[in-house]
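Using the sequences plus the hints, can you model the full thing?
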Amino acid sequence: MLKMLPLEKEHKIVSAKFFEFAGWWVPLEYSSILKEHLAVRNLAGIFDISHMGRILISGKNVHDFLQYITSNDIYKLYPGKAQYSLILTPNGTIMDDIIVYMLSEENFFLVVNAINTEKIISWLNKYKPDNIEIEDITSSLMLMALQGPKSEEILQKITDISLNSIKYYHFSTGKIFGEEAIISRTGYTGEDGFEIVISPKKAGEIFIYLVKEENVVPCGLGARDTLRLEMGYPLYGHEIDENTTPWEANLDWVVKLNKNRDFIGKDALIEKKDRKEKFLIAFELLENSVPRQGYEIYNNKEEKIGYVTSGNFSPILKKGIGMGYIYGEIDSDEIKIKIREKLLKAKVVKTPFIKNTSLKRGEKKNVS
Amino acid sequence: MYPEDRKYSKEHEWAKLEGEVAIVGISYHAQEELGDIVYIDLPEVGKELKQGEVLATIESVKSASDVYSPFSGKVIEVNEKLKETPEIINEDPYNEGWIAKLEITDLNEYNNLLSAEEYKSFIGA
Numbered sequence: 001m002l003k004m005l006p007l008e009k010e011h012k013i014v015s016a017k018f019f020e021f022a023g024w025w026v027p028l029e030y031s032s033i034l035k036e037h038l039a040v041r042n043l044a045g046i047f048d049i050s051h052m053g054r055i056l057i058s059g060k061n062v063h064d065f066l067q068y069i070t071s072n073d074i075y076k077l078y079p080g081k082a083q084y085s086l087i088l089t090p091n092g093t094i095m096d097d098i099i100v101y102m103l104s105e106e107n108f109f110l111v112v113n114a115i116n117t118e119k120i121i122s123w124l125n126k127y128k129p130d131n132i133e134i135e136d137i138t139s140s141l142m143l144m145a146l147q148g149p150k151s152e153e154i155l156q157k158i159t160d161i162s163l164n165s166i167k168y169y170h171f172s173t174g175k176i177f178g179e180e181a182i183i184s185r186t187g188y189t190g191e192d193g194f195e196i197v198i199s200p201k202k203a204g205e206i207f208i209y210l211v212k213e214e215n216v217v218p219c220g221l222g223a224r225d226t227l228r229l230e231m232g233y234p235l236y237g238h239e240i241d242e243n244t245t246p247w248e249a250n251l252d253w254v255v256k257l258n259k260n261r262d263f264i265g266k267d268a269l270i271e272k273k274d275r276k277e278k279f280l281i282a283f284e285l286l287e288n289s290v291p292r293q294g295y296e297i298y299n300n301k302e303e304k305i306g307y308v309t310s311g312n313f314s315p316i317l318k319k320g321i322g323m324g325y326i327y328g329e330i331d332s333d334e335i336k337i338k339i340r341e342k343l344l345k346a347k348v349v350k351t352p353f354i355k356n357t358s359l360k361r362g363e364k365k366n367v368s
Numbered sequence: 001m002y003p004e005d006r007k008y009s010k011e012h013e014w015a016k017l018e019g020e021v022a023i024v025g026i027s028y029h030a031q032e033e034l035g036d037i038v039y040i041d042l043p044e045v046g047k048e049l050k051q052g053e054v055l056a057t058i059e060s061v062k063s064a065s066d067v068y069s070p071f072s073g074k075v076i077e078v079n080e081k082l083k084e085t086p087e088i089i090n091e092d093p094y095n096e097g098w099i100a101k102l103e104i105t106d107l108n109e110y111n112n113l114l115s116a117e118e119y120k121s122f123i124g125a
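Sequences listed follow chains Z and G, in order.
Going by my numbering, the first sequence wraps up at 368, each residue one higher than the last.
Going by my numbering, the second sequence wraps up at 125, each residue one higher than the last.
If you anchor each label on the Cβ, the simulated ranges turn out as follows:
| no. | chain 1 | residue 1 | chain 2 | residue 2 | range |
| --- | --- | --- | --- | --- | --- |
| 1 | Z | E205 | G | I123 | 32 to 38 Å |
| 2 | Z | K119 | G | E32 | 34 to 40 Å |
| 3 | Z | K345 | G | E96 | 29 to 35 Å |
| 4 | Z | K201 | G | I123 | 37 to 43 Å |
| 5 | Z | V14 | G | E33 | 17 to 23 Å |
| 6 | G | S63 | Z | S122 | 30 to 36 Å |
Dumping the calculated BS3-like pairs for lysine-lysine here, alpha-carbon to alpha-carbon at most 25 Å:
| no. | chain 1 | residue 1 | chain 2 | residue 2 |
| --- | --- | --- | --- | --- |
| 7 | G | K62 | Z | K9 |
| 8 | G | K101 | G | K50 |
| 9 | G | K62 | Z | K3 |
| 10 | G | K16 | G | K101 |
| 11 | G | K120 | Z | K12 |
| 12 | G | K83 | Z | K35 |
| 13 | Z | K350 | Z | K272 |
Read the hints as simulated data drawn from the structure, not as lab findings.
Even for Gly, the Cβ is constructed at its ideal location relative to N, Cα and C.
Spelled out as structure tokens, the structure:
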């Protein structure tokens with residue numbers, strides 16, 4: 001049974017084309033992925049991402065519990081601060097990448113990937129002490145993302161929260177259209193913007209108001225994927241999964257081995273630190289075509305050295321870009337991607353593919 | 001959206017006869033399903049194809065999709081403009097957005113394709 005979004009009717013009003021994603025029936029695109037992508041880079045786009053899992057965790061020793069479950073240091077958080085983190089298997093591989101929000105001393109809120117929601121909830125229940133409560137609020141609250149350089153200006157018109165005072169990876173609570181909401185300065189596009197947690201009651205009205213705004217375009221998961229790819233952000237099921245360690249996925253910065261408590265996966269991680277089985281790379285195609293997940297990567301001697309995990313056409317660079325794993329380190333940045341039996345030239349590059357986004361231009365960075 | 005001066009295949013190509021040559025492209029419905037087209041792999045001129053073999057591959061932001069030859073024949077010309085501006089398939093799939101011209105081997109194969117009416121009912125338009 002496919003899960004439906006509370007705003008399905010509103011999406012249909014603005015001509016969404018739907019597809020199945022992680023058991024959900026969600027908008028893939030409205031007008032065109034390219035137009036939606038460019039709208040987010042230049043103006044603003046509104047995404048309904050209510051398919052993503054949201055979990056409330058509360059109780060007296062919630063800090064200690066989350067410190068054990070996640071790889072980042074929970075004690076860096078304070079009320080109003082959010083943190084990118086990982087949940088690891090005992091083997092030190094990635095079970096999910098998540099965002100942890102600290103609401104108050106005893107209340108935290110996790111956003112997890114849709115495909116992993118049930119898995120993570122069972123995992124949390126398996127390890128939780130008796131005095132910790134786990135509540136799945138995925139279907140009772142909406143999650144929307146307004147992304148792009150014009151986001152603040154647009155959102156400020158309908159909320160009493162002073163958005164300018166919300167720093168990157170921070171959030172605040174207040175009202176939108178009179179309805180209680182959590183607004184965080186977070187996103188998955190590389191642009192400045194916000195994610196909004198709100199009850200479905202007023203969400204339809206807000207969504208329709210926003211899409212009618214001159215500088216806002218409704219955006220589907222198609223554009224969400226090309227936007228994150230241009231930033232080199234990993235996606236579960238592509239760059240990260242239960243066969244991949246944070247070391248291999250270049251997520252060392254989210255692993256705090258020296259924090260004040262052991263955590264699930266730590267021992268395996270220590271052991272695997274210098275034993276990477278694969279190396280994540282990013283590349284630009286030097287010939288016209290489009291790389292895709294699953295395509296093979298070759299070195300310039302035309303020996304197979306790895307595989308593509310994400311690939312598409314970059315609407316900004318106007319060429320094929322991708323990420324992938326290679327099995328050993330290489331001494332040349334010249335590689336080849338096999339596309340329909342031909343080996344096309346590509347060049348290894350550093351991410352992000354797009355450097356000058358509104359997020360990079362703003363001085364609102366404070367990720368930990 | 002489905003001009004009557006040509007035939008359609010169930011794989012969503014159209015073919016328009018001009019003497020012994022047929023021009024081939026993809027239908028309005030097909031380009032709409034594909035979304036933004038960003039690249040096309042065109043066949044070599046001179047390539048001989050059987051009905052149903054891959055004539056070209058279209059890359060949209062969403063996916064890579066093969067275009068099948070609606071009949072057997074030999075490629076005598078490809079639309080060079082698509083190399084630089086593949087998006088004209090989205091903008092004008094029946095004229096500027098044609099893909100290739102083929103010399104037809106068996107006219108029956110062409111005649112057995114769907115009419116505009118039949119194609120419309122096939123896609124439920």
